[in-house]
Amino acid sequence: MLKSLTRIQRDPGVLAKAPFVGSCYGRSNMTPSALGGNETVMGMIGTSVTKKLWQERLTKNKDRLKHLPLPALNAKPPQPITLTYPFSSDRFLQEQYRNPWNQVRVGKLLEDLDSLAGNIAFQHCDDERTDTQLPLLVTASVDAIHLRRRLDLHQDVQVSGQVVWTGKSAMDIRMQLTQEHCQGEPSLVALFTFVARHPLTKKSTQLNALKPQTAEENQQFEERQAVADARKAARNVSASAQPKVE
0 MLKSLTRIQR DPGVLAKAPF VGSCYGRSNM TPSALGGNET VMGMIGTSVT
50 KKLWQERLTK NKDRLKHLPL PALNAKPPQP ITLTYPFSSD RFLQEQYRNP
100 WNQVRVGKLL EDLDSLAGNI AFQHCDDERT DTQLPLLVTA SVDAIHLRRR
150 LDLHQDVQVS GQVVWTGKSA MDIRMQLTQE HCQGEPSLVA LFTFVARHPL
200 TKKSTQLNAL KPQTAEENQQ FEERQAVADA RKAARNVSAS AQPKVE
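Quick note on numbering: numbering that gives the first Met the number 0 labels position 210 of the sequence shown as 209, and the sequence is numbered without any gaps.
Honestly, I wouldn't trust all of these hints.
[Unchecked claim] List of simulated lysine to aspartate or glutamate pairs, EDC-like, C-alpha gap at most 16 Å: (1) K210 with E221; (2) K107 with E94; (3) K75 with D125; (4) K75 with E127.
Calculated from the structure, these hints are not laboratory results.
Using the sequences provided together with the hints, build the complete structure.
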């Protein structure tokens, strides 16, 4: 669990965790108001949320970037991560995410979603050891973004996400945004795909398998597995249709 908000504000280093290309390591119950800290490295990246999430990745593995083995593979259950935007009480945060039409800048939230999805991917691979180095994790694609209803800039937004499927070297992460007036129904749902690369060879490397715990998690896994199987079949058909080069 993340330290208290006041602790984070006093010590920007408490969130320090992480490396790789595309996205990062995470903790629960994070708020954008807590994402202060050293802007030297992060100043060119984007929103304050994205900067801090990238800082987590950069710092997490600073002592691991050596010729160390990758972590041993280990099936892991989904580990949801949640981030809350306290728009109802933080006017400065409102202004950061306000567009010219007095609505939420959805593009800025999507930027944060990618970074938080990266934290989730990192967490799935992390073995909490200092004698291993983690794979590089790269955002391969955003498979779908569904904006189901307009976001209210004056109400808190809760962002949550978790791994819903893993293959040999890829994983899918489902992210969603909810607000209280929507009674638990997500206002936005997005699906991010990450791939793992060996930090030295840059070739694909195997990920921890996902171990669904609930009926809903099993259903999500099976749905994404069906998509992966269909894509593999399509690639095989395409490859067989290519003329052979003598």
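Query raised in the report: Taking 16 Å as the top limit, are the C-alpha atoms of K210 and E221 close enough?
Result: Distance ~12 Å between K210 and E221 Cα, so the pair holds.
Query raised in the report: Taking 16 Å as the top limit, are the C-alpha atoms of K75 and E127 close enough?
Result: Satisfied, since the Cα-Cα distance of roughly 13 Å is no more than 16 Å.
Query - Agreement of K107 and E94 with the hint, judged by alpha carbon distance not exceeding 16 Å - result: 12 Å, holds
Query - K75 paired with D125 [C-alpha distance capped at 16 Å] - result: 10 Å, holds
The earlier numbered hints are all upheld by this structure, with none contradicted.
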